[in-house]
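*Asks:* Assemble chain C onto chain A, guided by the hints.
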Amino acid sequence: MKQVPALKIDGITLSQSLAIIHYLEETRPNPSLLPQDPKKRAQVRMIADHIVSGIQPLQNLGVLKQIGERKMEWAQNYISSGFQALEQILQHTAGRYCVGDEVSMADLCLVPQVANAERFKVDMGPYPTITRINKALLELEAFKVSHPCRQPDTPAELRA
Amino acid sequence: MASEKPILYSYFRSSCSWRVRIALALKGISYDLVPVNLVKDGGQQFSAEFKALNPMKQVPALKIDGITLSQSLAIIHYLEETRPNPSLLPQDPKKRAQVRMIADHIVSGIQPLQNLGVLKQIGERKMEWAQNYISSGFQALEQILQHTAGRYCVGDEVSMADLCLVPQVANAERFKVDMGPYPTITRINKALLELEAFKVSHPCRQPDTPAELRA
Numbered sequence: 001m002k003q004v005p006a007l008k009i010d011g012i013t014l015s016q017s018l019a020i021i022h023y024l025e026e027t028r029p030n031p032s033l034l035p036q037d038p039k040k041r042a043q044v045r046m047i048a049d050h051i052v053s054g055i056q057p058l059q060n061l062g063v064l065k066q067i068g069e070r071k072m073e074w075a076q077n078y079i080s081s082g083f084q085a086l087e088q089i090l091q092h093t094a095g096r097y098c099v100g101d102e103v104s105m106a107d108l109c110l111v112p113q114v115a116n117a118e119r120f121k122v123d124m125g126p127y128p129t130i131t132r133i134n135k136a137l138l139e140l141e142a143f144k145v146s147h148p149c150r151q152p153d154t155p156a157e158l159r160a
Numbered sequence: 001m002a003s004e005k006p007i008l009y010s011y012f013r014s015s016c017s018w019r020v021r022i023a024l025a026l027k028g029i030s031y032d033l034v035p036v037n038l039v040k041d042g043g044q045q046f047s048a049e050f051k052a053l054n055p056m057k058q059v060p061a062l063k064i065d066g067i068t069l070s071q072s073l074a075i076i077h078y079l080e081e082t083r084p085n086p087s088l089l090p091q092d093p094k095k096r097a098q099v100r101m102i103a104d105h106i107v108s109g110i111q112p113l114q115n116l117g118v119l120k121q122i123g124e125r126k127m128e129w130a131q132n133y134i135s136s137g138f139q140a141l142e143q144i145l146q147h148t149a150g151r152y153c154v155g156d157e158v159s160m161a162d163l164c165l166v167p168q169v170a171n172a173e174r175f176k177v178d179m180g181p182y183p184t185i186t187r188i189n190k191a192l193l194e195l196e197a198f199k200v201s202h203p204c205r206q207p208d209t210p211a212e213l214r215a
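Going down the list, the protein sequences come from chains A and C.
Position 87 of the first sequence, counting from 1, maps to 87 under UniProt numbering, and the rest follow consecutively.
Position 4 of the second sequence, counting from 1, maps to 4 under UniProt numbering, and the rest follow consecutively.
Hint data in this document are derived by calculation from the structure and do not stem from the laboratory.
Keep in mind that a hint or two might mislead.
Listed below are the simulated DSS-like cross-link pairs for lysine-lysine, each with C-alpha atoms no more than 30 angstroms apart in a straight line [as the list claims (entries may be wrong)]:
hint, chain 1, residue 1, chain 2, residue 2
1, A, 8, A, 65
2, A, 39, C, 27
3, A, 8, A, 121
4, A, 39, C, 126
5, C, 27, A, 8
6, C, 94, A, 71
7, A, 39, C, 95
8, C, 126, A, 71
9, A, 40, C, 40
10, C, 5, A, 39
11, A, 121, A, 2
12, A, 2, C, 27
13, A, 2, C, 126
14, A, 121, C, 51
Calculated Cβ distances over 12 angstroms to all of chain A for the following chain C residues [what the hints assert, rightly or not]:
hint, residue
15, 31
16, 52
17, 58
18, 73
19, 104
20, 117
21, 150
22, 183
23, 187
24, 197
25, 199
26, 202
27, 211
28, 212
No experiment lies behind these values; they were computed from the predicted model shown.
In this text, a Cβ means the ideal position worked out from N, Cα and C, and glycines have one as well.
Isolated chain A, as found in the complex (with noise of 0.2 angstroms):
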């Protein structure tokens, strides 16, 4: 698909992030990425969903290319009205983060796609659930250490 991640892993190779963080819970799942309970769990989709279908591929890199000259605002608009929905969406599901107090798949979603929004500069001030739960994820560990700016291919302007 000429398009990353990739994950080799157990022989097999897997795209996808969304299918590639599902095969991971199942194969080693502690912690859990996901609550027990299934209304909890669907919570949890429709949220990584929202953000993984709804958002992102609507300002990827490839389709930004093809706007052109207006893809600040392209970005801009799809990520407002995505995050407007999830704003309301948080308020009834938002714990510490985006389902309950355990981190789940869609947390996972939520922080890279805030990044996003900063990068396009779009105005948070309208989605204060949304900037809550990223500063509380924005400190634990493992979002720290996989972070964009302390990766082996950050270049040194963009390093932590």
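*Replies:* Just chain C now, kept in the frame of chain A:
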């Protein structure tokens, strides 16, 4: 406590709604369908009433077991976990991953780039835009399927991947995408359309199908 029948908010031609209709049919779950017309009245999904139900202002939305869910794959996973027979996922984790990879490729990598809202923004070049994204998506999918497919997308059992494939092929046909380069997709699509669940859920057979498109 009496169980209420699930309610599905659906548009006949929405490929995302069709995926959920297939899942409900395969699992033998009866439900009430409330049509939401994405085109009439400026788009009924934008009404205050629908927005209160689903803040994402999109179909499908499923009201079931006292909750309302949106996002077709989140809904389908919920159905899978609460009504597990017949199963829409293989037992083996690697095969499950292949099913999800194919489903996600369609649901995140192809459909969002050619949905109604985006094409409205694209304007005049929308046919070309849609054809481009469907073609490049199908090109990649055809290669993946050559490794995973049996009778259906992954092996010989119907899975979530198949629920995503058929509606996307219907979209491809609507946008006049040349299906010549995708023989595996074409073969699987044809096999799936012979199954009752894929027929009964088809856009041409819905309560809100316009007369001129009705089967």
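*Asks:* Evaluate each hint against the coordinates.
*Replies:* Comparing the hints with the structure gives:
Simply put, residue 8(A) and residue 65(A) have alpha-carbon atoms about 29 angstroms apart, close enough for the 30 angstroms limit, and the pair holds. This hinted pair checks out: residue 39(A) and residue 27(C) have alpha carbons roughly 18 angstroms apart, not beyond 30 angstroms. Restraint check: the Cα-Cα separation between residue 8(A) and residue 121(A) comes to about 34 angstroms, which exceeds 30 angstroms; the hinted pair is violated. Using a Cα cut-off of 30 angstroms, the hinted pair residue 39(A) and residue 126(C) is violated, with the two alpha carbons roughly 38 angstroms apart.
Distance hint between residue 27(C) and residue 8(A) is unfulfilled; the C-alpha atoms sit about 34 angstroms from each other, more than 30 angstroms. Distance check on the hinted pair: residue 94(C) and residue 71(A) sit about 38 angstroms apart at the alpha-carbon level, beyond 30 angstroms; violated. For the hint linking residue 39(A) to residue 95(C), the alpha-carbon distance of about 25 angstroms falls within 30 angstroms, and the restraint holds. Distance check on the hinted pair: residue 126(C) and residue 71(A) sit about 17 angstroms apart at the alpha-carbon level, within 30 angstroms; holds.
At roughly 34 angstroms between alpha-carbon atoms, residue 40(A) and residue 40(C) are farther apart than 30 angstroms, so this suggested pair is violated. Taken as a hint, the residue 5(C) and residue 39(A) pair is honoured in the structure, with Cα atoms around 17 angstroms apart against an allowance of 30 angstroms. The suggested pairing of residue 121(A) with residue 2(A) holds, with an alpha-carbon distance near 28 angstroms, which does not exceed 30 angstroms. For the suggested pair residue 2(A) and residue 27(C), the alpha carbons sit about 35 angstroms apart, so the restraint of at most 30 angstroms is broken.
Taking the CA atoms of residue 2(A) and residue 126(C), the gap is about 24 angstroms. The hint holds against a cut of 30 angstroms. The suggested pairing of residue 121(A) with residue 51(C) holds, with an alpha-carbon distance near 27 angstroms, which does not exceed 30 angstroms. Against the 12 angstroms criterion, residue 31(C) stays outside the reach of chain A, whose nearest CB is about 16 angstroms from its own CB. Chain A draws residue 52(C) into its interface by the beta-carbon criterion, the shortest separation being 10 angstroms against a cut-off of 12 angstroms.
With a cut of 12 angstroms on Cβ distances, residue 58(C) falls inside the contact zone with chain A, its closest approach being about 8 angstroms. For residue 73(C), the non-interface assignment is contradicted: its Cβ lies about 6 angstroms from the closest Cβ of chain A, within the 12 angstroms cut-off. Listed as outside the interface, residue 104(C) is inconsistent with that label: its C-beta sits roughly 4 angstroms from the nearest C-beta of chain A, within the 12 angstroms cut-off. Annotated as non-interface, residue 117(C) brings its C-beta within 12 angstroms of a C-beta of chain A; the closest such distance is 9 angstroms.
Listed as a non-interface residue, residue 150(C) keeps its Cβ farther than 12 angstroms from every Cβ of chain A; the least gap is roughly 17 angstroms. No beta-carbon of chain A is positioned within 12 angstroms of the beta-carbon of residue 183(C); the least distance is around 19 angstroms. A cut-off of 12 angstroms between C-beta atoms confirms that residue 187(C) is not in contact with chain A; the least separation is 21 angstroms. Remark: the non-interface label on residue 197(C) is consistent with the geometry, its nearest Cβ contact in chain A lying 21 angstroms away (cut-off 12 angstroms).
Every CB of chain A is more than 12 angstroms from the CB of residue 199(C) (nearest about 26 angstroms), matching its label as outside the interface. At the 12 angstroms boundary, the C-beta of residue 202(C) stays outside the reach of chain A, the nearest C-beta of that chain being 23 angstroms off. At roughly 32 angstroms from the closest C-beta of chain A, the C-beta of residue 211(C) stays outside 12 angstroms, upholding its exclusion from the interface. Annotated as non-interface, residue 212(C) keeps its C-beta farther than 12 angstroms from every C-beta of chain A; the closest such distance is 31 angstroms.
In this structure, the earlier hints numbered 3, 4, 5, 6, 9, 12, 16, 17, 18, 19 and 20 are contradicted, and the remaining ones agree with it.
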